[in-house]
Amino acid sequence: QSVLTQPPSVSAAAGQKVTISCSGSSTNIGNNLVSWYQQFPGTAPKLLIYDNNKRPSGIPDRFSGSKSGTSATLGIAGLQTGDEADYYCGTWDTSLSAGVFGGGTKLTVL
Amino acid sequence: QVQLVESGGGVVQPGRSLRLSCAVSGFTFSAYGLHWVRQAPGKGLEWVASISYDGSDKYYADSVRGRFTISRDRSKNTLFLQMSSLSSEDTAVYYCARDILTIVLIPATPEIWGQGTLVTVTS
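As you go down the protein sequences, you meet chains V and F in turn.
Here our numbering is used: position 77 in the first sequence is 77, and no number is missing along the way.
Here our numbering is used: position 69 in the second sequence is 1069, and no number is missing along the way.
The reader is advised that the hints may include incorrect statements.
[Said to hold, decoys possible] Under the rule of at most 30 Å between Cα atoms (straight-line distance), these lysine-lysine pairs were calculated in the BS3-like manner:
(1) F:K1043 x V:K106
(2) V:K17 x F:K1043
(3) V:K54 x F:K1043
(4) F:K1058 x F:K1076
(5) V:K54 x V:K67
(6) V:K67 x F:K1058
[Claimed, not checked] Example chain V residues on the side facing chain F (calculated, C-beta under 7 Å, incomplete):
(7) S35
(8) A44
(9) W92
(10) S97
(11) G99
(12) G103
(13) G104
The hints are simulated quantities; they were obtained by calculation from the structure and are not laboratory data.
No residue lacks a Cβ here, since even glycine has one placed at the ideal position from N, Cα and C.
Could you put together the complete structure from these sequences and hints?
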């Protein structure tokens, strides 16, 4: 029942690239900037991507973000076992006047 | 370095109130918007509330509007979340986070997060 829709899980082999989608509407993704977070079990989320496609200092360029219309995508290239985590998209919803997150996607590296 | 440290969590009975605190350091408190985000056990992230850099604008999720109040104290470099009429659905780890931008009235991107404090609502 999240405002933003993500696939519950994705998987790919080590060294490959995976993409995680985040679908919303005109009141959120369509007219606001998207961010992406990585979370390992028992720890706080970490910002990976902000303003649709920018990386904070220290985030490797294996992580990328893009947005088109009312959808956004997180890309992770050169997958490593250490990338196994939950990933969340987030943005502002102008209609709700509140922040919103996707339901999260669990990444498995085969 | 930038630090946010939550406190005030614990076990509380349904219908009661609780106040969470988030002590911040390592940055200019009055320049950044701040957020509360929660995560129920085994569930995803849920945006709870945000407050602008100067405290003039506050935003709430529908699930907590009218029951929770976000506030900030510049003299103490501390963010607060006053929670009332608690129910089992409010059981979660509560994180405070600093926004990535300075001097904006609508903070929308939590950047740096605290370690979280657990609130358990049970009779």
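### Task
Could you grab the alpha-carbon distance between V:K17 and F:K1043 and see if it respects the 30 Å cut-off?
The hint holds at about 26 Å.
### Message
V:K54 and F:K1043 were given as a pair; does the straight-line alpha-carbon distance stay at or below 30 Å?
### Response
Given pair V:K54, F:K1043 holds - Cα atoms ~27 Å apart, limit 30 Å.
#### Entry: Residue hint V:G103, partner chain F, criterion CB-CB below 7 Å
Since chain F brings a Cβ to about 5 Å from V:G103, closer than 7 Å, the hint holds.
### Query
Should the interface hint for V:G99 be scored as holding, given a Cβ-Cβ cut-off of 7 Å against chain F?
Since the shortest Cβ distance to chain F is 4 Å, the answer is holds.
### Task
Verify the interface restraint on V:A44: the C-beta must sit less than 7 Å from at least one C-beta of chain F.
V:A44 check passes; min Cβ-Cβ to chain F is 4 Å, inside 7 Å.
### Query
When the nearest CB of chain F is found for V:S35, is that gap smaller than 7 Å?
Result: holds, 5 Å to nearest chain F Cβ.
### Message
Between the alpha carbons of F:K1043 and V:K106, is the straight-line distance 30 Å or under?
### Response
holds, 12 Å
### Query
Taking the least C-beta to C-beta distance, is V:W92 closer than 7 Å to chain F?
Holds - the Cβ of V:W92 comes within 7 Å of chain F, reaching about 4 Å at its closest.
### Query
Would the hint on V:G104 stand, with a C-beta cut-off of 7 Å toward chain F?
With a closest approach of 4 Å, the V:G104 hint holds.
### Message
Just to be careful, I want the Cα atoms of V:K54 and V:K67 compared with a cutoff of 30 Å; is the pair within it?
### Response
holds, 12 Å
### Task
Using 7 Å as the Cβ threshold, decide whether V:S97 counts as touching chain F.
holds, 5 Å
### Hint consistency between V:K67 and F:K1058 [alpha-carbon to alpha-carbon, up to 30 Å]
With a Cα-Cα distance of about 27 Å, the restraint between V:K67 and F:K1058 holds, given a limit of 30 Å.
Checked against the numbered hints given earlier, this structure breaks none of them.
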